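Novice: Each protein sequence line maps, in turn, to chains G and C.
When we follow the working numbering, the leftmost residue of the first sequence carries the number 1, and every step to the right adds one.
When we follow the working numbering, the leftmost residue of the second sequence carries the number 1, and every step to the right adds one.
Hints are computed from structural coordinates only; laboratory data are not their basis.
Here the structure is a predicted model, which is why all the values come from computation and not from measurement.
Among these hints, one or two may not hold up.
What the hints assert, rightly or not - Coverage of chain G stretches by chain C, computed from C-beta distances (three or more under 8 Å per stretch; other residues unrestricted):
hint, region
1, 172 to 182
2, 340 to 352
3, 381 to 389
4, 420 to 429
Glycine is no exception: its CB is placed at the ideal position from the N, C-alpha and C atoms.
Each chain, letter by letter, is given below.
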Amino acid sequence: MRKDSSILGRFDWPLFVAYIFLLIIGIATVYSVTFDPENPSIFSFSEKYGKQMMWVGISLFLGFLVFLIDSDIYRKFAVPIYLFTLALLVIVLFMPPVNGARAWLGIGSMGIQPAEFAKIGTAIFLARYLDRANLQHQKIKTVIIANLIILIPMVLILLQPDAGTFVVFTAFLFVIYREGISYDPLILPIVNSLPIKGLRFKKTWLGTHFIPILFVVVFLSVVTLLFSDQTFYLELLNLEVGGYWGVLFFIGVVAFIAYLFMRMIFPKRERKKASIIALLVFVLSGGLTAIVNVGFQKLKPHQKERIELVLGLREDPDGDDYNRNRAMAAVGSGGFLGKGYRNASVSSVRTNHVPESETDFIFCPFAEEWGFVGSFVLISIYMFIMFRVLMIAERQRSKFNRVYAYSAAMILFYHFGINIGMNIEFAPVIGIPLPFMSYGGSSMMSFSMMLFILLKLDSQRKEVLR
Amino acid sequence: MKNDSRKYVFWAIFGMTGFLYIMKLFYMQVIDDKWKLRAQEIAEKRREILPPRAIVFDRKGKKIIRNKTYYNLMMIEKDIEDLDTNAFAELIAWTKEEVRSRFREIRENEGYYYNPHTGKTTSNYQKIRAYPFIKELPAEEMVKIAPRLHDFPGFFKEETSMRTYPYRCGANVFGYLSEVTREEIEKDPFYKPGSLIGRSGIERFYEKYFRGQKGIKYIITSALNNVVRPFENGKYDTMAVQYPPVTLGLDIELQEYGEKLLQNKRGCIVAIEPKTGEILALVSSPSYDPNVLVGNKNIRKNYPKLLSNPDKPLFPRPLASQYMPGSTFKLLQSLIGLQEGVIDVNTGFPCNKSIVGCHSHPSATNISDAVKMSCNPYFYAVTRRIIQQKKKKDVFEDAAMGLKKWAKYMNSFGLGIRLGVDIPGVRPGLIPTPEYYDKWYGHLKWKFSTIRSISIGQGEVQLTPIQLANIAAIIANKGWYYIPHFAKSFGKKGPLKEYRIKHRTMVDEKHFYPVIEGMRRVVYEPGGTARRARVKGITVCGKTGTVENYEGKLKLKNHSVFIAFAPMENPKIAISVFVENAGGGGGTWAAPIASLMIEKYLKRKVEDKVKEKRILDAVLLNKYK
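So here's chain G without its partners, still in its complex pose (with noise of 0.2 Å):
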């Protein structure tokens, strides 16, 4: 084993680079939206671009201290960590609330937002609990675990409310689906418990995929949620049936036809194992569907109405669209070359059109002062740390640290993608900051250190043995 020479060991310059350009224009554009005549300095700490300054500079500070900390001690207070975290979301829901959710400790602007830090607390966790020697990857014990880790801090952060985050936490699945720990332990008793004789299986492809499965799923519901309230005619039995049972029968004719194509491929013997097959697709699809139908039907208007908007069952420019709207509007008219620095009409806050355009919004004021030679390289600023991330994952030799930077990877991609998204009608309208570039502390120092913890971890990923 050999020391580095310096703290900074095999540093990824390109990460950290690609990191700095985000950072820039994050405080460049929160200074065109905010921009008040009055202060002008960049450095006027009354106004959010001053204030903005200061949390890079704190980020940037904190990113040197994690380097001048040994990337061990992760992994050895891994437990203490995720416990710290845990404690803060559980002390912030004593806290008073501010807009209606529990999510801030401290005293106004100054205030931290814990569940922005339990991202990271949870990434060190998982990665500690996966990274184990003796982890069985089939057994119940270890899913169980691995998906509670996720799920207490996500039960806890749902209190507050905070849907957002909440949704950000499911990112994690996906980090436990590529360390290849199987559901079937979950999936198994309950498919081989099922009165049918001679059909017992020592592993399934719905537990060895089950997060992707997952995903299909929640595509299938979305699809359920976009047809529950319209009627479909069907020809062949002259029957008007009402959009639930439509989709019902379009999943039953998708299941036969699978079944026939199995038929057609599969050997003799395994046919019976086809028509099962088919039928659990029908069986699972269409619970799936009646459980949907009958949740969405259940939910309180407001989400009910956040959810037709985002299928696009409702079209309210001016009510309950309207923030998704003028988004739309202020990226949409930014045209091929934006329209200029400080010169976005729609999402600039004096204009107030767009609101939280400095936050969660951020997106909006770029994408039209930019256009789309802009919104291009952004994006392609933010897949370039991506697929970093994912590269830098790959090449650790330390289960540890690839956990952690497929944390890290999915995470960002789930702040990315929800909050672009929502700009351009591909994600559904949900309160979480773009990383790098919102205005805001506690996005801002989470999401650095989440980052330094990965070039200190990657930094040093040679003196891992194992």
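Knowing the structure of chain G, use the given hints to seat chain C on it.
Specialist: Relative to chain G, chain C alone:
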């Protein structure tokens, strides 16, 4: 590791997302225009700025139509905080109840919008919008309110410009302005709700000039509809341009004097400068102070009153009131007779009262005598010769042919046709044609004796005072005229081209001299009908008219008519005066009024105070005998 291949799932998800996002952004930002339009709807507004209307000067350079700054007290409900209704009512000198009901009124005036999709009806009123709480406050009143306005957040002042008429006269010339209707906005994009448009007078005729050039500002507005900054630093903005000052041929002092002379009388005066056709004064009585129809509030209060006044102050008599011309018409019969050669200068006719009545006077032995004495039988004879020239065997056909020619002559004098004066409401009067009588009596069923009353300006003949004044101008010019008009110059440009065309009558210059001599004798010779028209030091030529008129079968007092021009040698003013139901003859009331006007115009002051007092004191409103 056996799970290594799973990394491709991540690469695929990331890659797909990035690709899809870039595609969608390319579509939204570069291809689809929908969002650019939406952004314009939301934040990039076009504000139109109307310049103040053109200011107007009279021929002596006096400012006769100005713009005055008024203030609207605006209100944005959303910004109002704990309004102290008592204090506010006291500030604007209203009652508390008035303030409350004004709020209700504003809301209700906005109307309601029915959404056919949702079936909901919502008010168009918006709390974030600025509405005028009090419109058109004069500066004097705003000064009282403004200093304490900051105590009432949500209220602020806004400047507007309105007309003001310092001379308080000329209402029928200037006309008035009022807010555009929805149809007018649809027809002409220049206007927007609340813009003012000329409704009558020259304000209406020259609307497209006076209104100037609209400016357009592109601005960025906030979600609260406040102006944030100019769009692209005002790159696309255009300035509002006020129309250059307009000068009228009007002499405002003469106009003012004329209105004073006609006080307590119904009637009108039209004075024209013969050489240019510029209208010096156009008086309609009774009239009103044009300032009473400035602004919504005033219009609402005063317009109905003016409209219901039985003496019709809103009716522009000089342009639209069609009177029988009476004896003034004899001038034209002489001129046509001379031109047609049916009489000559020295033709005489006996004063034969058996056909038409006449007053006592010696028989006229020449044309100027006849004019001077206004001999009815003489002009009966002249007109008979004009109409029945015996060129056709059939007396009826002959009359039709003669009348046709006669009407053509009249048209060349601007009678029976609509004179294109630069003001709306001008009527053509009536010069009967053969077709006209055919309709009454049937084709070839009439001859001169049937229609003889036209020879002395009674019967079917009708003309407007401005036409009559134009006749005076034509005689002064000896045979030509410019269409009477008000606007003399627009900035550096002269009058419109239709007022630069010389119109010639069908009568040669030489025939005017004997008639003009007759008109001089009307005023200056014993036995003339208009001794009261004399002006010291100036030779006035005139002709009286006395017009009989009836209400049903009841004979009313005569109209007193006079036309004149002066000075005889170098005519500077041509004038017609009508005094309705004045009683007496043309010489009694109309002639002295004309002479006072002439004196006022040519000498700038009136020396004959006795004559002036007689007119000013006269009340001639009773039309019954």
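Novice: Compare the structure with each hint and give your call.
Specialist: Evaluated hints:
1. 172 to 182: holds (count 5)
2. 340 to 352: holds (count 7)
3. 381 to 389: As far as the region 381 to 389 of chain G goes, the hint holds, because 4 residues have Cβ atoms under 8 Å from chain C.
4. 420 to 429: holds (count 5)
The earlier numbered hints are all upheld by this structure, with none contradicted.
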